[in-house]
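Peer 1: Take the sequences, apply the hints, and build the full model.
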Amino acid sequence: MVGKQHDTPKKARMRGAFEYLEAKNIPYFKTDLFEHFEISRAQGYRILADDSTRRLYHKQPDHTTGSKRKLSEAGLNQLEDLFEKEGFEAKALPWTAAAIEAGIKEDLTSRTISRQAASRQLFKRLAAEVAFTTEASAKQRFNWATEALLARPNPEDWYNVIFSDECHFGYGDEGRCYIVRKSGTRSEPSNIQERREPEEQDKKRIYGWGGIGYDFKSPIVFYNSGNSNGKITQQTYKRDILEPYVKRWIEEGRSFVLEEDGDSGHGPGKSNPVRAWKEEYSLKSYFNCPRSPDLSPIENCWLVPKQYVRKYPHWDLDTLRDLVEEGWEQLSQETINRWVESMPQRLRDVIKMEGKKTNW
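The sequence shown begins at 1 in the working numbering and counts up one residue at a time.
Don't take every hint at face value.
Cross-link-like lysine-lysine pairs, in silico, DSS-like; alpha carbons within 25 Å at most [as the list claims (entries may be wrong)]:
no., residue 1, residue 2
1, K356, K124
2, K356, K139
3, K91, K124
4, K311, K217
Derived Cβ-Cβ restraints for the label pairs, each shown as a range [as the list claims (entries may be wrong)]:
no., residue 1, residue 2, range
5, D322, S183, 33 to 41 Å
6, T319, N224, 31 to 39 Å
7, T146, E86, 18 to 26 Å
Keep in mind that the hints were calculated from the coordinates and are not lab data. These figures come from a predicted structure and were not determined experimentally. Beta carbons are placed, not taken as given, at the ideal position from N, Cα and C, and that holds for glycine.
Peer 2: Here it is in structure tokens:
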């Protein structure tokens, strides 16, 4: 029994090397790995198939191997330095593989490392997911963010920007409901929630436009897209948005810059009715970087009415409109202001990520 316990650190080292090679996608032969650690093929495959060797080392109360091994403060510093310098790739490594990559020489198990890493608030958690960014798009986002940060480096530099966008809302049943019931009664008729799924054509039933800024929130404006994909046309944008709302803000003497995405309905071309309207009324505006919803705070704002709408069953247009308006009202100006003030940090994050998507 004592011999097996003395062998456990060797097994842990071999498994750590195995996890490292796998995580790094480094070609290797398992037989070479076994030979390096002087472990037979049969025993090596058994160790890789069952990681209980590491768990048993910690769980047996009567082992006589002395005091528990610990990761030193210097080792924790090495881990933190690795995660800071190498980023996501290093953070995705198994604990033992990360320790090897960081240059930690102690023979430690994954459980030991994870337990002590917790003292530095380092935990294994699900990674936040964002859309993949191509190399060309990343370069464009990096350059755009760099220029925008030079032009507006401080939160207050964004106070005069009105961020605008369109969003769709559809029919749907309420979300999963928590009810009071006794144990073992889940299948009783009075405890069953009937759910209804919307038809495909009903998932995008109405379309709304909105604008937000520091100490500013427009009403939600519903419009008829006139097509099946819901994209706003230049005629609709001019008639339903620019004329009745944006024009009024200009005539009221409000000083602002209108942010839009580059959809064709917003008139990004050199010659079109929307561009002519903007020039006629001297509207200051700019187009957000393509494929960059994380660089427009109004994208965050849409989550509030969408989540509100999901709370209630809605199968007719009037109810859906009412719910969207009520959800939009739930969006506080304080929250909007914080999101507007986050713009310099968003830009810095894009630059730090070398143009890749951020979690904003």
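Peer 1: Now tell me, hint by hint, if it's right for this structure.
Peer 2: Quick rundown of the hints versus the structure:
{"no.": "1", "hint": "K356 <-> K124", "verdict": "holds, 22 Å"}
{"no.": "2", "hint": "K356 <-> K139", "verdict": "holds, 9 Å"}
{"no.": "3", "hint": "K91 <-> K124", "verdict": "holds, 8 Å"}
{"no.": "4", "hint": "K311 <-> K217", "verdict": "holds, 23 Å"}
{"no.": "5", "hint": "D322 <-> S183: 33 to 41 Å", "verdict": "holds, 38 Å"}
{"no.": "6", "hint": "T319 <-> N224: 31 to 39 Å", "verdict": "violated, 18 Å"}
{"no.": "7", "hint": "T146 <-> E86: 18 to 26 Å", "verdict": "holds, 23 Å"}
Going down the numbered hints, you'll see the structure goes against just number 6.
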